[in-house]
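J.: Spelled out, the chains give:
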Amino acid sequence: MPDRPMIQIAGVSKAYGSFKALDDATLTIREGEFFSLLGPSGCGKTTLLRMIAGFDTPTEGTIAIDGQPMDGIPANRRPTNMVFQSYAIFPHLNVDQNVAYGLKRLKLGAAEERRRVDEALAQVSLSGLGKRGATELSGGQRQRVALARALVMRPKVLLLDEPLSALDKKLREQMQVELRRLQQAVGITFVLVTHDQYEALGMSDRIAVMFGGRIAQVAAPSQIYQRPVNRQVADFLGGMNFIRANVVETNGTAITVETAGFGRVKTEKPSGFNDETRETTLGIRPERLRVLWDDAKAKHEIAGTIVDRHYFGEITHFIVDVPGFEKTLSVSESNNFGADDLPVGAPVRLGYDPDALVALAD
Amino acid sequence: MTAAAERSGAASAHRIRRGTLLRSEQAQGIALISPTFLYALILLVAPVLVVIAHSFWTQDFLTIDRTFTLEQYRIALTEPIYRDLLARSLYISLTVSILTVFLAYPIAYYISFHGGAHKSLWLFVITIPFWTSYLLRVMSWKVILGYNGVLNSGLMGLGIIDEPSTSFLYNTNAVIITLTHAWAAFAVLPIFVSLEKVDRTLLEAAKDLGDGPIRSFLRVTLPLTLPGVISALLIVMIPTVGDYVTPKLVGGKDGVMIATAIETQFKRGANWPLGAALSVITMTVVTVMAASIVFVIRQAGRRVR
Amino acid sequence: MSRILSRWLTVYAFLYIVFLYLPVIFLPIFSVNTSAVPQFPLAGFTSKWYVELPKTPALLDAAWNSLIVGLCAAVLSTILGICAARAVTRYRFRGRTVASGLIMAPLVLPEIILAVSLLIVILSLGLQLSLFTVILGHVLICIPYSVTVLNAGFEGFDRSLEEASADLGETAFGTFRRVTLPMVAPAIISSLLVSFTISLDEFIIAFFLAGTEVTLPVYIWGQLRFAARLPGVLALGTLLLVGSFILLSFAEIMRRRAQRRIQMGGAIA
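Chains as they are written, first to last, in my numbering: chain A, 15 to 376; chain B, 919 to 1223; chain C, 3 to 271.
Treat the hints as calculated values from the structure; they're not laboratory data. Don't take every hint at face value.
Said to hold, decoys possible - Not the full set, but computed from the structure, chain A residues with beta-carbon under 8 Å of chain C:
{"hint": "1", "residue": "N95"}
{"hint": "2", "residue": "Y115"}
{"hint": "3", "residue": "F339"}
{"hint": "4", "residue": "T342"}
All residues carry an ideal CB built from backbone N, CA and C; glycine is no exception.
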């Protein structure tokens, strides 16, 4: 059944004294989905994950998993399993014993237990390392053991608490691909907590971006990246140029704003936009502005002067001063076409697609 | 019932459950520590309160007269013998604590800065004698310093002295030497811990800014390890003031300390109130002395910078 | 300059070790000396002082008493220490500092004060002085050491290990049995050994609270009055030293093992 809800979070809050770690979160995570909770540290994402797992209890609201309300159900009786940030590999047990830890209680019999442990180890490419002691594993191997130990329980939901943050960059990128492949192979709902936007964008079906205990936006990665609802979300998911804009008119789901340079732009109205507001922000990603060479033309273009440039290998970042803008624009241009030759002080024309302009709530 | 009402009902039920959980974190902690806490309360606090109470009563042959009086304190503070014993106990504990810290600092420094991979082995080697019987260690000093002891027989064998000297044993110095030896490890540990906490880059910074090894030690290391020095001083000073074994075994007449007087009042003299008053006075005076030393060191520490 | 300093420091360190161990070394040396008077030059080698030890009934009684007191004190102080260390390292609660401060207080009080205050209370309540009263006192002074050893064992214990166990379906009791206990077992053994050794060597409290049933140190104290019995005391003392040394070495090994486990469990990479 497609789009069947797996986790239903309804009005969940978590308060520690007067501090609200999570404030009125409502969210539905679908069956078989790779879902990410993305945000800076302290945004409440780990709190939410721990409440799904049953380690923390909501102050208000309810969480249901596969239709079953989880109120009062402790972590050991929930159909969820977790990969901990520290991996929490039992140091006094070897790899096999770690993976079989939860199976012991199910009393499957030695043969079936063996079979499931081997299957889980094969899933994470650790076959043959079963007798290795927990203290003799590398960081990447510990992570795989933690994964196998959780997957072997065949949970309805696998929870991952920053599982890649302890790995170095190369290994992290490799594991992103593997995690995604694994999730598609087993078809289990994955809920990932991360503060790394590339991790979330690259692996997830959908992302919830969180700030200060609140969920700011829930959408697919491309939607989140291209049409962020506010400046905070836009900023967290990579660089964006922000331009002050006057609101000309609002009409249902559309909004028309006016700025110097870009002129009048009609675009989608951000959710929760207050129609009384007269001023807002228009945003455009640096890579959606492109340098127009020589006499190349674009349907929409603005002109300015290069005031600074930063070379990054595959791309060059230009800082462009546009008359009428309070701040300079950032432009990122591929070096395929010799953009690295443009000197500081040169006049430049920038082409853009009006669809790339987003109106943002502040 | 509307959906909203239902939800708020559920929410308030949650609030109640969460409340009990919060209390239960507090309650679990308290419940878990309470056996140990109650044990210390019943066997430490209560008895000490009883001692303090006794110090305000009087001994009436075999019974205790429970009328409030300061008579015991008057006796304890005016009788020359008690004043002398108290003064000597304070002098000895002060000297011993300063000596142990003085001797312990370089060794703690050595282990922390030059101990390399063997830090914990060094610490183990240094603490081992401390764990072994205190009584036996004091006894071995008696064997060393005695009239027929190791030191005398050794010195005579070397021809340095002609007849055994009686000046080694049974005096205040013998007590000081023995106690300094006995408490050595106790002083090394806190100093070592505070030295370990010193960020090594601070010393490099001091060097970079032109300080030599001695100046950077005086201006950076020493001030940063003062807390360790202070706790080492206290942890030696307070227990040694009431030491009983050492003065008994190696102190002789000149080395008697206040603990002997306290013991006499509780055992043979059977004057509990006087013994109690002596105990209370000893504790109070040593606390005041310790507090003032902490104050002086902190002031001095501020000056160095 | 700094190299000269560090060379002198090394020399000092070795002199310090000599200072610490030299007095203690004389006990075994004179315990195998033929002469009853401990002085140089040594008269000759003998093991007679050791052979005589088991022939002294009072000594055997004292040794038996010490064993009972030591075992009881070690077990009780370790149990109470586990409660306190677990509470302090696991839970945040009001009154934590005060409670642990009080529990550690016997460490910095003159033992004579502890001894006489317990003596007053026990006698005022009309109780008999016995091994039981010694145990009460020993537990009190052993608890701070137990708590210190156990705190080190429990601290840095990655809480997510217990959460991982619960997450994998294990109950609270099962988690304690399968994860917590194996992880902290070395610390518990270390605490048992350390408190047993402290009780075995403790004199003042036993001296005040023992009544007619004496422990080994109190027995030794009684023997010290008789110069002729000194070699026997030296032999007994040597045995006690060796025993303590073995127990403590074992405790140290356990403590290190506990630390390694905790570090590996808590390590992120």
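J.: Confirm or reject each hint.
T.: Tested hints:
1. N95: This interface hint holds because 6 Å falls under the 8 Å limit.
2. Y115: Holds - the Cβ of A:Y115 comes within 8 Å of chain C, reaching about 5 Å at its closest.
3. F339: 45 Å, violated
4. T342: 40 Å, violated
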